[in-house]
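A.B. asks: Those protein sequences? They're chains A and B, same order as listed. To convert a position in the first sequence, counted from 1, into this note's numbering, add 190. To convert a position in the second sequence, counted from 1, into this note's numbering, add 3.
Think of the hints as simulated: they come from the structure by calculation, not from any bench. Even for Gly, the Cβ is constructed at its ideal location relative to N, Cα and C. A few of these clues could be false.
Stated by the list, open to error - Across the chosen pairs, the derived CB separations fall in these ranges:
#	chain 1	residue 1	chain 2	residue 2	range
1	B	VAL143	A	GLY200	32 to 38 Å
2	B	MET18	A	TRP195	33 to 39 Å
3	A	LEU256	B	LEU98	40 to 46 Å
4	A	ALA258	B	GLY12	35 to 41 Å
5	B	VAL143	A	PRO234	18 to 24 Å
6	B	ARG95	A	SER268	34 to 40 Å
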Amino acid sequence: MSSSWIFALGGGALIGAAAVLLLLTHGRIAGISGVIGSLLPPLPSDRGWRLAFVAGLALAGLGTALIAPSAIGASVRSSTAVVIAGLLVGFGTRLGGGCTSGHGVCGLSRLSARSLVAVAIFMTTGAATAMIAGAS
Amino acid sequence: MSTSFVCGGLRCRVMSIVLAGLAGTAFGVGLVLSGMTTPAKVIGFLDLRGAWDPSLGLVMAGAIAVYAPLSRVIRRARRQPWFDGTFHLPTRRDLDGKLAVGAAIFGIGWGLGGLCPGPGVVAAAAGSETGLLFVAAMLVGMLAQHGWVRR
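Could you put the whole structure together from the sequences, leaning on the hints where they help?
C.D. replies: Here's what the structure looks like:
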């Protein structure tokens, strides 16, 4: 097993543990698009834990920039492509009710049929797009 | 049944915020360790041709291996989470067009940029230009969808 496999598995386990902590403390699904999207208008009343979770996520980014900046990879696409990607990810995750975390981790764990369908679809269109756009 | 409480006091409210923040940080560190914040790696995982890198499949596997059993234990053992009166879990079971179209659009964006929402936020907070650009566009996309729904 190469080190990237071990890091992938270990990082994944830590993501799972973080999702467990959010469920235990706040009874919420750790779906990043939902946590962030619900901070935008129309504003919810339960902003506290959402802001704290996103701030924690950001803290991980800040820490990485200080300790291991190379772990944040540069884009392999043009700025225009990155903007288009962001727009599609924002719109799509809110329309489809989740992303890799909410549907992928939490939804599949709950054996949700909606999440299973969503994951199958976004994996397929993701793979198709990556192949059409090319590896570089 | 273990004891449950919904907090009113300051100490409890602070704890609830600190633990939500800790969950976010652990989530973010997991994303970084696993390689999800490296767009080239994500695209190498999604691009099945040539030197396919399947390692990122283990991220979801590792997360589910932890979350699936422990979330069940929590749901069985507790009537409510520590800091809320109830669990807020999705109840919908129907498959609809919005789910399919939304997932398809998300996948296209993910395959194009190599970033999904969590890694995007982590990269932006790390000061990555790509991350900042991606998250700004993502928020616009989310707002557009919210407006589109209300219309």
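A.B. asks: With reference to the structure, classify each hint as holding or not holding.
C.D. replies: Each hint, compared with the structure:
1. The hinted range of 32 to 38 Å is satisfied by B:VAL143 and A:GLY200, whose Cβ atoms lie roughly 34 Å apart.
2. With their beta carbons about 36 Å apart, B:MET18 and A:TRP195 fall inside the hinted range of 33 to 39 Å.
3. Between A:LEU256 and B:LEU98 the beta carbon distance is about 44 Å. The supplied range of 40 to 46 Å therefore holds.
4. Evaluation of the 35 to 41 Å hint for A:ALA258 and B:GLY12 yields a pass: the beta carbon distance comes to about 39 Å.
5. At roughly 20 Å, the beta-carbon separation of B:VAL143 and A:PRO234 lies within the given 18 to 24 Å, and the hint holds.
6. Under the hint 34 to 40 Å, the C-beta atoms of B:ARG95 and A:SER268, about 38 Å apart, fit the expected range.
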